[in-house]
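K.L.:
With chain A held as given, fit chain B with the ligand onto it using these hints.
For the record, the sequence lines run as chains A and B. First residue of the first sequence: 33, per the working numbering; consecutive thereafter. First residue of the second sequence: 308, per the working numbering; consecutive thereafter.
The reader is advised that the hints may include incorrect statements.
Taking lysine to any residue and the SDA-like style, the derived pairs with C-alpha atoms no more than 25 Å apart in a straight line are [to be verified]:
1) A:Lys158 to A:Gln134
2) A:Lys141 to A:Gly159
3) A:Lys141 to B:Arg440
4) A:Lys158 to B:Glu497
These are computed hints drawn from the structure, not numbers from a lab.
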Amino acid sequence: MQMTDIKHHLTDALLMGYAAGTLPEAFNLVVATHISMCDDCRAALAEFDAVGGEVMMGADSAEMAEDSLTATLNKIANAPAATKVRAQSSGLFPTPLQDYVQGDVDAVKWRKIGGGVSQAILPTSKGATVRLLHIPAGTAVPDHGHRGTELTLVLQGAFVDETDRFGAGDVEVANEDLNHTPVAEAGMDCICLAATDAPLKFNGFLPRMVQRFVGI
Amino acid sequence: MLTLAKDSTKPDAAVAMGLYSPEKPRLSGVARTKRLNQTDTAKRMMWVAHVTAIRDNEDREAFAELFAHFAPRVKSFLMKSGTSPDMAEECAQDVMATLWRKAAMFDPAKASVSTWIFTIARNRRIDILRKERRPEPEELPWGPEAEPNQEDALALQQETSKLGAALAELPEKQRMLIEKAYFGDLSHSEIAEQTGLPLGTIKSRIRLALERLRHVMK
Ligand SMILES: [Zn+2]
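For reference, chain A alone in the conformation it holds in the complex (with noise of 0.2 Å):
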């Protein structure tokens, strides 16, 4: 599943978040789906990991219940055995993303958000929202913005906007200054996986009309 031509990775303050466990469910997903896609971010989060490790060991230590020990190894005596290692997706979602869809692409349940525009929204806890959005080559996602962070991730095809080209394994982070127009590139269909932690507002009214409807 490692692609090797990505060029828009994930920021520091992500990988922090991820590494320290305080993002959003929702981001988490992303997270974990363009590092099972990317060896650089792979690596990152491995030394943001390790900045962990190294502070909770720096700090003071707190005193252990009497019978701690032996109350531990009562919990391993009884815990079933470790489960093994997953195998590598070979599907088009890596595995994190199809514990969510519950399967590969062909199992999401799209739903038409107008402008030939489908999402299926992932079931995450409150905070964030994530969802995947199919846009048909050369279509355009309706002119946004942002009031929180957006991180979109592509999974097939590419899109193109204001800022750059992101193809497969690409991931933009917009933020509220942001306002912009994806495009689909032409060729191939686009799917990508968007999480963000505020609704976003569209510019436009049928659009507000829609996003009324469809609650994003």
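P.N.:
Chain B with the ligand in isolation, oriented as in the chain A frame:
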């Protein structure tokens, strides 16, 4: 590396650490850092051997030593993240039990034992405090050799030693923010709220700290 060592050779600090006394010739910054890292790396390799002993021989003595060293840190980490002492105790035990059960999956060419335990503790924290799933990246395919290469393992442990030393030598303000980011279960904007520092200041201090750490890791 050099600049960091220079910062840390203040005589009083070095005396306090028992690194030199006025009668003995003073070690240069580079030599001193090297020696510190060697001891620290040796310790890390020892913990790796402990985990291997659990994997191969279900060695309870090795486990007891790992437990004594790491469990109190895990408990403290969980308490600082907002877990009650009882819950933190329970979870620290769970984390250590996971270490035993997953000993065969530990790869010292990819992580120090401290890093590995941290990731287990972090995931447990997300589990209990947020009751959320934690999506994990797809595993890399296994290499041809079942046993990790000793040289790779040593190199990784050395790098983590350097990282630990660099973290300890960060300016207080930068280190505090890094700790808050990892301990507090706080986003950068929540840290801003809590510390009263502007978000931009927090981001730039963390960035500075990361630059320093990276400089050392190279
Ligand atoms: Zn990347």
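K.L.:
Hey, Lys141 of chain A versus Arg440 of chain B, does the alpha-carbon distance stay inside 25 Å?
P.N.:
holds (21 Å)
K.L.:
Is the straight-line distance between the alpha-carbon of Lys158 of chain A and that of Gln134 of chain A 25 Å or less?
P.N.:
This hinted pair holds, its Cα atoms lying about 20 Å apart.
K.L.:
Check the hint pairing Lys158 of chain A with Glu497 of chain B against an upper bound of 25 Å on the C-alpha distance.
P.N.:
Within the cut-off at roughly 17 Å; holds.
K.L.:
Can you confirm whether the C-alpha distance between Lys141 of chain A and Gly159 of chain A stays at or below 25 Å?
P.N.:
The given pair, whose Cα atoms are some 23 Å apart, holds under the 25 Å limit.
Checked against the numbered hints given earlier, this structure breaks none of them.
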